[in-house]
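Q: Take a look at the letters that make up each chain.
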Amino acid sequence: MGYYLGLIFLCVFAILENSVLIDMRIFIGRFTELDAFYGQPSLVLIAVIAWSWHSDLSESIFWAFAGGIALDILNPIVPTGTSVIALLVMVFAVKTIERMFYQVSIFALVAFVAVGTILHHVILFSIFSIQGVALEPLTYFQAYTIPTLAFNLFGTMPMYWILRRFQKRLPQRQNPWAVQR
Amino acid sequence: MRRNWFAGRLMLLGLLIFICIALIGLSTVGVIRPLEDLFATPLGWAQGLVNGATGAFIQSEEAATIEQLEERNADLERQLIQLQEELTELREISADYDRLTQLLNYVDSTENMEFLTADVIGRGQYGFVNSIIINKGTRDGLTIGMPVTTDLGLVGRIWRVTANTAQVQLITDRNSFVSVRLQNSRAEGTIQGRGLETGAVELLYIDLDVDIAAGELIYTSGFGANYPADLPVGQVVSVSNVESELTQEAQVSSLIDFTTLEQVLVITNFEPVDLSVFDEPEQ
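As given, the protein sequences belong to chains A and B, one line each in that order. With this note's numbering, letter number 131 in the first sequence gets 131, and the count goes up by one each step, no holes. With this note's numbering, letter number 259 in the second sequence gets 259, and the count goes up by one each step, no holes.
You may find that some hints are simply not true.
Computed beta-carbon distance windows for the label pairs [said to hold, decoys possible]: (1) A:Phe-166 <-> B:Glu-71: 43 to 49 Å; (2) B:Trp-5 <-> A:Gly-132: 39 to 45 Å; (3) A:Gly-132 <-> B:Glu-67: 44 to 50 Å; (4) B:Gly-48 <-> A:Arg-99: 51 to 57 Å.
For the record, the hints were derived by calculation from the structure and aren't laboratory data. The model shown is predicted, which means the values in this text are computed figures rather than measured ones. Note that the Cβ used here is the ideal one computed from N, Cα and C, for glycine as well.
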């Protein structure tokens with residue numbers, strides 16, 4: 001069930017991230033006169049990490065692939081698969097930390113989102129650089145990564161709270177293909 | 001056991017990342033373009049719907065903003081017109097203040113003279129008489145012949161007077177003759193107007209042996225008793241010395257711009273004397 005829900009959620013988040021949030025960013029930018037303010041919340045990234053906190057690895061991997069591919073398909077600047085790498089790494093990191101420690105504070109999720117945001121941007125920057133897009137690393141970091149990071153840190157807990165409410169209502173069914181934690 | 005688990009995870013992650021890199025490569029060269037289009041079509045359609053909704057919202061916001069801006073612009077234009085009117089008025093007051101201050105300073109610097117300030121309310125109706133009309137008349141104690149001046153020099157004298165107004169014959173008028181004295185040589189002469197409103201007048205009847213320099217100031221001499229002595233009249237511009245003539249002449253320019261004259265001072269305690277009585281032979 002989490003797979004189907006993931007498809008719906010992630011598609012909606014990817015669409016929102018590539019439409020409403022961009023419009024909102026431009027709309028706000030006009031009034032705040034912050035031309036260099038290109039950041040916006042990474043709904044898919046937050047959702048994948050937040051969902052993986054309480055789901056098994058296979059479902060988390062599915063979320064990472066579905067979310068990443070949806071993001072990349074709607075964003076034609078980057079080739080398909082770019083965002084999946086960052087999401088996959090973060091999902092594996094979450095599941096590994098979860099396994100290594102008996103109890104992990106929910107606030108560690110915020111740290112994972114922060115690391116995931118930076119990793120995602122580093123990968124995007126690398127892909128852009130390989131494609132020959134001239135970018136100034138410091139400018140990119142200041143104008144894009146830091147604002148996005150701020151949005152994501154504020155958005156992590158509300159997103160977790162919303163997804164967790166759905167997650168709790170899902171029937172707990174053993175997936176025969178699930179990778180053991 | 002734990003090491004195996006960790007290695008297994010790492011291998012899985014590595015495999016998945018390899019798949020991602022392969023996807024990136026295939027996507028870059030366009031091999032999986034049909035597959036991407038398959039997913040992109042419904043997603044793009046949904047994205048278009050959302051974009052349309054937000055676009056309409058933003059456009060309505062923009063329209064509201066434009067209306068507000070138009071109203072604000074209209075308000076500001078009204079305020080601008082009002083402020084421009086006030087500014088013009090204040091500039092006028094400031095200019096009046098400056099002129100009156102200069103006149104007051106001049107009045108303070110002169111002794112034994114009584115002045116009456118008057119506004120210029122018109123110019124001579126006929127071109128053959130260079131004159132101005134002022135807003136003071138017999139009710140204010142003005143009489144014919146009273147000298148009119150400003151801080152910059154002699155303007156003329158009252159020619160005709162009514163109860164409330166007076167006509168002043170300017171020194172630039174062709175029928176105006178003023179007895180003057182050169183500042184340096186103290187030589188006597190007569191200033192005659194040339195009918196020009198530019199302030200250009202002629203200095204006549206200067207002895208040939210008098211050395212006149214350009215820039216020399218000219219004052220009333222008081223001869224003829226038509227004007228008090230030592231009122232500034234103008235400045236020598238050029239000298240025309242013709243040997244065949246008995247006297248020399250000079251072009252003089254008044255410091256006053258008669259075309260923009262707005263306030264003048266009438267010397268009220270000077271009474272011109274008619275000296276012609278002394279010209280008649282005794283009976």
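Q: Against this structure, judge whether each hint is valid.
A: Cross-check of the supplied hints:
The hinted range of 43 to 49 Å is satisfied by Phe-166 (chain A) and Glu-71 (chain B), whose Cβ atoms lie roughly 47 Å apart. A hinted range of 39 to 45 Å holds for the C-beta pair Trp-5 (chain B) and Gly-132 (chain A), which are about 41 Å apart. Distance hint check: the CB atoms of Gly-132 (chain A) and Glu-67 (chain B) are about 45 Å apart, consistent with the given range 44 to 50 Å. Take Gly-48 (chain B) and Arg-99 (chain A): their Cβ atoms lie about 43 Å apart, and the range 51 to 57 Å is violated.
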